Amino acid sequence: MAPFGRLALHGFFSFSLFLVFYLPPALAQESPYFVSYDHYLEEPGNLEIEYFSTFGTQRGGNNFHAYWAEFEYGATAWWTTEFYLDGQTTFHDSTVFTGFRWENRFRLLKHEHFINPVLYLEYEKKNGADKILKEGEGHDVESDFLVSNAEAQKEHLHEVELKLILSSTFKGWNFTENTLAAKNLSNSPWEFGYALGAGRPLALKASAKRCTFCPQNFIGGVEMYGGLGDRHNFGLHDTSHYLAPVLAWNLPSGWTLRVSPSFGLNDNSHQFLMRWGVAREISGFGSMVSRLLGGHQ
Amino acid sequence: MKAVAAALVVSASFLAVAVVLAQTRSSDKPPVAAASKYHPAVYAELQKAPEKARNRANPLESDPHAVAAGAILFEQHCAECHGEAAEGGKKGPNLRAAEVQGAAPGAIFWILTNGVVRKGMPVWSKRTEPQRWQLVRYVKSIGEAARAAESPAPKP
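For the protein sequence lines, the chains are A and B, in the order given. So for the first sequence, our numbering puts the first residue at 445; every next one is plus one. So for the second sequence, our numbering puts the first residue at 30; every next one is plus one.
If you are wondering where the hints come from, they were derived from the structure by calculation, not from laboratory data. What you are looking at is a predicted structure, and each value in this text was computed from that prediction instead of being measured. Each residue gets a CB set at the ideal place from its N, CA and C atoms; glycine is no exception. Everything hinted at is true.
Now the in silico label distances, taken between C-beta atoms and shown as ranges:
(1) B:HIS68 <-> A:LYS554: 18 to 26 Å
(2) A:SER697 <-> B:GLU173: 28 to 36 Å
(3) A:MET718 <-> B:GLU179: 55 to 63 Å
(4) A:LEU736 <-> B:ARG85: 41 to 49 Å
(5) B:GLU173 <-> A:ALA647: 22 to 30 Å
Computed list of chain A residues with no C-beta within reach of chain B, every gap over 12 Å:
(6) SER538
(7) VAL604
(8) ARG675
(9) ASN712
Derived coverage of chain A by chain B (criterion: at least 3 residues anywhere in the stretch with Cβ under 8 Å from a Cβ of chain B; other residues may be distant):
(10) 643-653
(11) 723-734
Using the sequences and the hints, build the whole thing.
This is how it looks when you write it as structure tokens:
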């Protein structure tokens, strides 16, 4: 990586550390999902800094460890915007920066309903070495990852991704369904995918005592995701699918830990993905920026 | 190299959007802590609760732990906007105000569930229903405590 790029990434990392440890935390109630989205957006003015890791097995090639940093900001109560930086290490190969994403989620309805729609718009600029598997789309299959990093990096992708998130909360359970349509802007067909999720806190009532290990701090669930082909060949043929139990632990200190072992459901899928993530929500980021620039409080 | 430069441009845009939104929000008429200084429209949201929602009784009304649990939830999720003592803050109105204390528990629960999304109050249905009722119980207990403090002590 070029010295300028390295400097920029170090700068970003240092800035994130400053935010994480300097600004006051907010207790988050994060969903346990890694791939699916529910209809809950970030609280306005809060910034959540997240790090996620995916370890993946690779038949016929080298296993990999892909990771991404995520900066999620509640612009308003109906709009959340996120910025991602992605990278990966393929064992016995190399470590590479694989690109960035800018994602926006818009709550479409004013009030809570039985089904709550959220519109998701994302722009991705990444290279072919991207392995974070943040979604299943098109005809993406395990064998695509056999290419060496040096070769894969030569492929540059500009992609737009749309999702319709339909999420419902009932008796403490959250059920969510995400339909995905993605298009590589360099003259590729639209590709499709899906993600389904269900999760519930281990206890519905909050404890009257402050506690780290109270059951209401843990949210367990399961998600399933995969590709649905493309515009010319829609369906399950040559697609990969995963089933993944998920668990989130929302600590009173403002940290959230997430873990999810994912299992490939067919021969086109990686046999096993181990995902984990850590996040910290920071309250008052918008106010801090305003203060720095001399705005009113 | 190009990817990193583009990443920096996008991150700068991200920061700029954050700044603009922060400035916009802070340039709105700032609410102050005194109840009387909040615009009545702030509390009018409570009146928008449908009758069915307003008439719902708090199932945890007699739960001896509801106030304590609600107080912790309030501190964790609400105090940032509404103030540590619910006296009102930079973003959220005073919850000690007569409009809130006089409101039906069901109306407060409805606001918590639906938020006032266009005016900055997020949807809190991600907290479970019992937890929202615990919060309602705590908010109402603030008024009860204030009334108890104001009433003259019984003569021995």
